[in-house]
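Novice: Here's the letter readout for the chains.
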Amino acid sequence: MKVTAKVIASAVAAGLLLSGCSANANSNANSGTDAASGSTTLTAAYSEGGTTLNPTEANDVTSDTFVLAAYDQLVTYATQEVDGVKTANTAEIVPMIAESWEVSDDDTVYTFSLRDDVVFQSGNTLTSADVVGSFELIAASNSASFLYGMAGISEVTAIDESTVQVTLTAPNHLFLQILPMYSFSMIDTATVEANGGAEWLSTNTAGSGPFTVDSWDPSTEAVLTRYDEYWGDAPELETVNIKFITEASNRVQLLAKGEVQLALEIPAKDVASLEDTEGVVVDSRASNKILYFAMNNNIAPFDNELVRQAVSFAIPYDKLLTDVMQGQASAMTSSVASSTPGFTAEGNEATYDLDKAKELLAEAGYPDGFTFDFTLGSGFQDWSDDAVLIQAELAKVGVTMNITNMARAQFLEAIATKQVQSYISRWTSFVNDPGYHLGLLLTADGTSNYANYNNAEVDALWTEASTEPSQEKRNELYGQAQEIINEETPWAYLYEYNIVVGLQEGTEGYTSYPDGIVRYSQMSVN
Amino acid sequence: MPEIQPKNLRSRRRTSTTVGFGRLLLRNKLGMVGLGVIAFWTLGSILIGVLSPYGATETGAGPLLDAPSAAHLFGTDNFGRDLMTRVFEGGKLSLWTGLIAVAISLAIGVPLGGIAGYAGGWLGSVIMRVMDVLLAFPSLVLAMAVAAALGPGTSSAMIAVGIVGIPEFARITYGQTVSLKQREWVEAGRALGLPASTILIRHIVPNALAPIVVRSTLGMGYAILTAAALSFIGLGAQPPTAEWGVMISDGRGYIISGEWWLTFFPGLAIATSILGFNLLGDALRDVLDPRLRTTA
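Keeping their order, the protein sequence lines are chains A and B.
Whatever position you read off the first sequence (first residue = 1), add 606 for my numbering.
Whatever position you read off the second sequence (first residue = 1), add 316 for my numbering.
Hints should not be assumed to be uniformly reliable.
Stated by the list, open to error - Here are the computed lysine-lysine pairs in the DSS-like style, where the Cα-Cα straight-line distance is at most 27 angstroms:
id, chain 1, residue 1, chain 2, residue 2
1, A, K1079, A, K1024
2, A, K925, A, K964
3, A, K612, B, K345
4, A, K612, B, K408
5, A, K964, A, K1002
6, B, K408, A, K1002
7, B, K408, B, K345
8, A, K692, A, K863
9, A, K925, A, K863
What the hints assert, rightly or not - Here are a few chain A residues that face chain B, going by a calculated C-beta distance under 7 angstroms:
id, residue
10, T610
11, V613
12, A615
Source of the hints: derived by calculation from the structure; they are not laboratory data.
Please read these numbers as outputs of a predicted model, since none were measured by experiment.
The beta carbon of each residue, even a glycine, is placed where N, CA and C say it ideally should be.
Could you put the whole structure together from the sequences, leaning on the hints where they help?
Specialist: Right, dumping it as structure tokens:
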């Protein structure tokens, strides 16, 4: 009895110790069936399993990846090659399902001529009825309907079998930018109706895209297979295995060992060692993905502008960039990312200055500091590192930050209630435009404005800009809005991420898009 | 003849054997090793505030991710915090969690088991079946459910682990009570008209203590492990509190990149402290059991 108890105790403790070393069960699940040496198969490691296949509801990178593989849109972004790497040129819109379009003189009526050779994966030919039906599904959805409104769409009508007319409420510079998004995929409406409606789309696809989603298990992996009757350029890859591996270090290991050819969400601290690994290429590019520290403007003391500004002076910005992100991020100086046209840092004075922070706190009526609750969503090592550093700095000015960990799913639900006192979150504007960005995040009606920022002047500027046809005038208006936001500090600006993708040497064709989604139809493996 | 008042009758540990108990324990070498380990962690965690020049949450106390060196015996973590200070601070929390959790289990489990065993009948059955239901859950899962319901935090972890330990103590006390209530002195007490509570508290429980004491020491070790597991998954201590489970969880991502000390030292702390409690528990059982066999 004595010996057994000790053996068991030691084994349990050792097991706890070593549990971190063991490979995730998922990583070995199908490794036997992978043809990593095959030139038409690509295996990728993603961090999340995705939530839905429905184009009008998909919102996270993994779900969006499936949608873009299985569906086409009316138009798409052009690509360009800069310094030997391919990037999307979102300023240029090129034909996809629509082979051409005309705009009326007052910029409110768009007439699209559709290709006649687009065939859905079900065998049905795409007609204008499908386009009209798809827009109806979008308008009726929970997620994409907001974009429908933001694009200013008033009416969609079929002129004939291969012509569709879209009427806008007013001239809208975002319309053509929003059409290439995954939310505006063209859906085989006949198949959807035959299967009972939009519900069916969450676990099935009805698209015309270059791949079919052969299988999808959000807890292990998904398999995409090339659709051989695709109307456009056939993809080089025949099979794409996407494995869902939640542990970042596991993804890094798999890439380093060559078991996957592509890995997303590489932690900053592993970039250096991966770059040194033979056979691995790390593609790290500045992006418009921002990380911000939100303070709920409806919950004291963050309803006081001076308090929010004080917090913004207590954040160790340089430490975040060097110690936490290790150079894989750059400074964020406005609510809008620096790579977004129309960006301005006017009005932003925040730097790391504890004395100024103390001064502002005293002015605000909190000379001895205060205590507040911070909710930390799990899953991102840099978020939790940032939180600890910020907590330590705030403690130096007498402010106590109570951190509560929350699993990601609960975290997303919690912040959507708009009652979380403070949190860190990241955001990528898939349409690289301040109108899109500010509209969703910082206008009073913005569906992602979880910090309850409400400034009537900002709203008025945004509304005016949304129908302004001249880009110069628009950017001026957005600049004024940013200046107000920078002064009122609803957020503290942490940093702008680089989008880091790990690739096996020989994996070609990766094109970086603002949405960070990989288009497998462009890729090949040597 | 003076009337013998029932309330003056009281069970007592036999004095002749009480003297030898301590000496017997001291002679048990492994038990002393266990006691030594526990003393090491207890004293270390109490004194660390005085002994260490660093704070447990002091970021930048040293270079980031520094390997163990003279200045930092256990190395530093990714914020430059001294790991040794954190490990001993964590010891304070872990030991405290163990104590409170076992106290909760004892305070609720022993009376429940005693009542169930003494009363028998439907009351006893109901109580013990409820204990069975709790025992049916894997203990870590039950602890997770309770901690999640209470919200993340160290007090939730303490309460959760305490609740998980109740059925075991209830069972032990039940078993002891059922066997002890057959004894003549219990019958005598009943014949004298002593109320059930008096019999339970003054006569039965003192004699049932031995296995409960042993179980308590083992329970401390188990409580430390479960609390660490809860913190590992994020339900226990919140940042920047130093706690062994949290430190292992945070250090996980660094094993592959070579910063082994982040998980090694907290893991070693958990392993040795549980071992210490187990060795002590074994020694106590060796010392206490034979005594029960020799009692009349």
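Novice: Each hint: holds or not?
Specialist: Here is what the structure says about each hint:
1. The straight-line distance between the Cα atoms of K1079 of chain A and K1024 of chain A is roughly 33 angstroms, outside the 27 angstroms bound, and the hint therefore fails.
2. Only pairs whose Cα atoms come within 27 angstroms are accepted, and K925 of chain A paired with K964 of chain A is accepted, the gap being roughly 20 angstroms.
3. Of the supplied pair hints, the one linking K612 of chain A and K345 of chain B holds, its CA atoms being roughly 15 angstroms apart against a limit of 27 angstroms.
4. A C-alpha spacing of about 23 angstroms is found between K612 of chain A and K408 of chain B, which places the hinted pair at or below 27 angstroms, so the restraint holds.
5. For the hint pairing K964 of chain A with K1002 of chain A, the CA-to-CA distance comes to about 9 angstroms; that is within 27 angstroms, so the pair holds.
6. At most 27 angstroms may separate the alpha-carbon atoms for a hinted pair to count; K408 of chain B and K1002 of chain A meet this at roughly 25 angstroms.
7. Distance hint between K408 of chain B and K345 of chain B is fulfilled; the C-alpha atoms sit about 26 angstroms from each other, no more than 27 angstroms.
8. About 26 angstroms separates the Cα atoms of K692 of chain A and K863 of chain A, which keeps this hinted pair within 27 angstroms; it holds.
9. Straight-line distance between C-alpha atoms of K925 of chain A and K863 of chain A comes to about 32 angstroms, which puts the hinted pair past the 27 angstroms bound.
10. A least Cβ separation of about 10 angstroms between T610 of chain A and chain B goes past the 7 angstroms threshold, and the interface hint is therefore violated.
11. At about 10 angstroms, the closest approach between the beta carbon of V613 of chain A and any beta carbon in chain B exceeds 7 angstroms, and the interface hint on this residue is violated.
12. Annotation: A615 of chain A was flagged as interfacial toward chain B, and the flag holds, the nearest CB pair being 5 angstroms apart, inside 7 angstroms.
The structure does not agree with the numbered hints 1, 9, 10, 11 stated previously, though it agrees with the rest.
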